[in-house]
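S.K.: Taken in order, these protein sequences are the chains called D and Y. When you number the first sequence by our numbering, it's gap-free, plus one each residue, and the end is 352. When you number the second sequence by our numbering, it's gap-free, plus one each residue, and the end is 698.
Any given hint could be a false lead.
Stated by the list, open to error - Computed cross-link-like contacts, EDC-like style, restricted to lysine to aspartate or glutamate with a CA-CA straight-line distance of at most 20 Å: (1) D:Lys305 x D:Glu147; (2) D:Lys347 x D:Asp175; (3) D:Lys58 x D:Glu108; (4) D:Lys347 x Y:Asp386; (5) D:Lys235 x Y:Asp555; (6) D:Lys137 x D:Glu164; (7) D:Lys81 x D:Glu108; (8) D:Lys173 x Y:Asp555; (9) D:Lys58 x D:Glu272.
As the list claims (entries may be wrong) - Covered by chain Y, per the in silico footprint, the following chain D stretches (three or more residues, Cβ under 8 Å): (10) 91–101; (11) 196–208; (12) 320–326.
To be verified - Selected chain Y positions facing chain D (Cβ under 7 Å, derived; list incomplete): (13) Thr341; (14) Pro383; (15) Pro387; (16) Tyr399; (17) Val400; (18) Asn402; (19) Ser488; (20) Leu608; (21) Asn610; (22) Ser654; (23) Met657; (24) Thr659; (25) Leu682.
None of these hints come from the bench; they were simulated from the model. The C-beta atom is built at its ideal place from N, Cα and C for all residues, glycine as well.
Single-letter residue listing:
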Amino acid sequence: MLRFRQLLSVTAAALLIVTAGTAQAEWPEKPIKLIVPFKAGGSSDQMGRVVQAGIKESEALSQPVTIVNVGGHYSIGARRVMEAKPDGYNFLLIHLALMGGQGSGALDFGWKDFAPVASVGEFCLMPMVRKDSGIDSLEQLLTQAKDKPDSLIFGANLGAINHMGGLMLQETTPGAKFRFVQIGGGTANYTALTGAQTAVTVLSGAEVTKFTLLPDGSENPDSQIKPLAYTGSERFSGLPDIATTQELGYDVNFCIKSWFFAPKDTPQEAMDGFAAAIEKATQTDTYQDYLIKNGFANGIVTGDEMLEELQATWDRIEPIAKLAAQK
Amino acid sequence: MDLNALFVAIQQILSTHALLMLLLGTGLGIVVGAIPGLTGAMLIALTLPLTFYMTPFNAVVLLVSMYVGAISGGLITATLMRMPGTPAAVMTTFDGYPMARSGRPGRALGLGITASFVGGLIAWVVLLTITQPLSILATRFGPFEYFSLIMMAMVLIASVSEGSLVKGLISGLLGMLISMPGVDPASGMPRLTFDWYVLNGGLQLLPVLIGTFAVSQIIADALDIGKVSQNSKVDSRGVLMSLADLRRHALNMIRSSFIGTWIGILPGIGASIGSVVAYTAAKNMSKTPEEFGKGSEEGIIASEAANNATVGGALIPLIAMGIPGSVIDAILIGALTIHSIQPGPTLFLTNADIVWGIIATCLLANIVMWLMMTSSVRYIAKLIYLPRSYVLPVVIVFCVVGSYALNNTLFDIWVMLGFGVIGFLLERAKIPLGPFVIGFVLAPLGEEKLRSGLMMTAGDITPMFTRPFSLAFTLAAVVLLVWPLYNDWRRRRATA
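Extracted from the complex, chain D is given alone in its bound form (with noise of 0.2 Å):
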């Protein structure tokens, strides 16, 4: 009978320890899937993969990480990542457009519903007006959308972030008002500013060089378009004769990062062992190289500091979407 108790205790004890060694078992054991909600080709796509590649490159982890793009609208796979099992194995790239999407009430859940990891790779804006609008200064333009509002037409893909980039501008002018025009991104708001059917657009640091500037960095007499200032804190390395909004004394900061989500209750320890990847990855030549061709700035932020970073473009971008919404 002894033996048999003591046959028992030490299968338990032994199944405890296997069972116990099956938690601590190092994080990852299996390939890690990043969902990015859009297609395949896309900004956040190749941000997610060039993230990918600086994993493998710095071998940061023991397992490959998997790239699931999910088309259609973002909606879509941002859902089933915050639907998925928080094993550790999950994760989302997205951006501003999940905030946009919240406040405009398009979604039914939000940024709240994940849990941050990290957020790398910022990216701000630049207000763009024709050569010969006679508009030479932030200060004019808004001004003369103060003087006749809805006057100034200002080309965006309504509902999305250079929708919201303009009405952040507006709101700096009590008064001021731009009519907004359905046009789409940034190539279709070029062509449409060149062809002088809107006013107004914003435009990406990396897409104005591309549109401005000739190859080799100096100015293209073609153009037809000049920036009026950056929507960043600091100056864009690509044209540093533009300064930023703040400079200026306009209290606007609206720049796009890309964030890294995990389903909620995803164990703390892949949330660490995803961020510190992501860490290393930004350090390799390939991430570096790729943030110095898209005009992105450096730097990483995780954990809590993710978070008040998250609450903090929240309070400016919940007012904006909603305004974005009554359309």
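With the hints as your guide, set chain Y onto chain D.
M.R.: The following block gives chain Y in isolation, referenced to the frame of chain D:
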């Protein structure tokens, strides 16, 4: 016209992997075009997901050469089996088959191959010369011009496509209807999604295309799988056309090529219509119209020169304005957007290498097509007798993989299967599929343009009628819609 850029593009194709794409694309296009039951649209829709792993340049080289190959390959089946390998080769069956039956299959194929080549070349010259000027003109187009142009294109395809105007309109409207769910372009909010979040992104182009063109065809093919075709032997006698032949048929070839090119340029309608119109014109002008339908050399030449010419023609509005000139071009637009390339007037500025890649491929693929077809038509002809029971299962696997690969959602597979059934039923009801796809592709574009125009003018629609280009397009659309109805009414009154 920037000939230097053209030579750079040709050089790039000949000296890199793109050459492999060119040969593979043209060859596969010919074979798939030749096998009855497999069409060029199907091949290109299924290849699309694979091109994501290529550079954009290689991707367009592959897809455009498939386009050229598939339109050409159809003539083999049309001539030997009296079945159009692709819809564009219907007219070729009328004369190619009787000629082949009368013991001259090599001659019939040879005429078709060379006519295809000449048609392709003439259309290419037009593509080379007018695309850039047209794109410069199109940069002046505002939202109202685009909207009226798209409206005209949709009326055009409904009224000119095979079958009745009413069936064309039904098909086009159905296509427009299924493009409606998704994000509203004027507010950024989801609409018509019935609170079902997988519909937030709308129905995706690729599964809809694969369903309507590939799966529906598989269902139709599977229903008469037992059909066995008789074998006919081909020798190379007469495959090469003599100089005297060329001189004799030069006028017909050139006329048919220009007709094909022009029909190709018109947005929305493609190769089938081009060959019908050229065939009719050739018959009307022929000294021996009674031979048409009984093995006329002129008939084969008119049909084949025209259907190949539509390829080059249809690429013109695609590059210059971002509007598809044919169903296959609608798929090519999808391919470019997958690679984040926006077709339209700025394409020459933003992605000049891609534009010249398309133009260069159009030329090279025609040359490769001619070489491949003349040298090995005897062997390709054997492939068309492959039993369908081997071919179809492979194709359906590609359909499933292709629909899933782009977005990684299972929902897309259901969409693909659903539209396979819908496409099959539409065909059974003799409702053409062309307007359906064009409506699906163009309606969102048209809606976005109209609504952005109305936002710019604060709801005022008068610019539609005061701006010269949009007025012209609107009037053309009205005429195209009313004319067939008026004709119909007059005919009925005459008989009553």
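S.K.: With reference to the structure, classify each hint as holding or not holding.
M.R.: Each hint, compared with the structure:
Between D:Lys305 and D:Glu147 the CA atoms are separated by roughly 17 Å; this keeps the pair inside 20 Å, and the hint holds. Of the pairs offered as hints, the one joining D:Lys347 and D:Asp175 holds, with about 18 Å between alpha carbons and a cut-off of 20 Å not exceeded. At roughly 14 Å between alpha-carbon atoms, D:Lys58 and D:Glu108 fall within 20 Å of each other, so this suggested pair holds. Only pairs whose Cα atoms come within 20 Å are accepted, and D:Lys347 paired with Y:Asp386 is accepted, the gap being roughly 17 Å.
In summary, the hint linking D:Lys235 to Y:Asp555 is supported, as the alpha carbons are separated by about 16 Å, within the 20 Å threshold. A C-alpha spacing of about 36 Å is found between D:Lys137 and D:Glu164, which places the hinted pair above 20 Å, so the restraint is violated. Restraint check for D:Lys81 and D:Glu108: not satisfied, since their Cα atoms lie roughly 27 Å apart, outside the 20 Å limit. Between D:Lys173 and Y:Asp555 the alpha-carbon distance is near 43 Å, which puts this suggested pair outside the 20 Å criterion.
Of the supplied pair hints, the one linking D:Lys58 and D:Glu272 is violated, its CA atoms being roughly 42 Å apart against a limit of 20 Å. Evaluation of the coverage hint for the segment 91–101 of chain D: fulfilled, as 8 residues show C-beta separations to chain Y shorter than 8 Å, against a requirement of three. Coverage of a stretch by a chain is defined here by at least three residues with a beta carbon nearer than 8 Å to that chain's beta carbons; for the segment 196–208 of chain D and chain Y the count is 5, and the condition holds. With 0 residues having a beta carbon nearer than 8 Å to a beta carbon of chain Y, the segment 320–326 of chain D misses the requirement of three or more and the stated coverage is violated.
At its closest, the beta carbon of Y:Thr341 sits 6 Å from a beta carbon of chain D; the interface hint therefore holds under the 7 Å criterion. Taking 7 Å as the C-beta contact cut-off toward chain D, the hint placing Y:Pro383 at the interface is violated, the least distance being around 10 Å. For Y:Pro387, the suggested interface contact is upheld, since its CB lies about 5 Å from the closest CB of chain D, less than 7 Å. For Y:Tyr399, the shortest C-beta to C-beta distance to chain D is roughly 6 Å, which falls under 7 Å, so the interface hint holds.
Nearest Cβ of chain D to the Cβ of Y:Val400: about 6 Å, under the 7 Å cut. The hint holds. The interface hint given for Y:Asn402 holds, since its Cβ lies 4 Å from the closest Cβ of chain D, which is under the 7 Å cut-off. The beta carbon of Y:Ser488 comes no nearer than 48 Å to any beta carbon in chain D, farther than 7 Å, and the hint placing it at the interface is violated. With its C-beta approaching chain D no nearer than about 6 Å, Y:Leu608 sits inside the 7 Å limit, and its interface hint holds.
Satisfaction of the interface hint for Y:Asn610 is found here, the shortest Cβ-Cβ separation to chain D being roughly 5 Å, below the 7 Å cut-off. A distance limit of 7 Å between C-beta atoms decides the matter here; for Y:Ser654 the minimum to chain D is near 4 Å, and the interface restraint holds. The criterion of a C-beta within 7 Å of any C-beta in chain D is met by Y:Met657, whose closest approach is roughly 4 Å, and the hint holds. Here the hint on Y:Thr659 is broken, as its CB sits about 10 Å from the closest CB of chain D, past 7 Å.
Because the smallest distance between the Cβ of Y:Leu682 and any Cβ of chain D comes to about 27 Å, over 7 Å, the interface hint for this residue is violated.
When the structure is compared with the earlier hints, violations turn up for hints 6, 7, 8, 9, 12, 14, 19, 24 and 25 and for no others.
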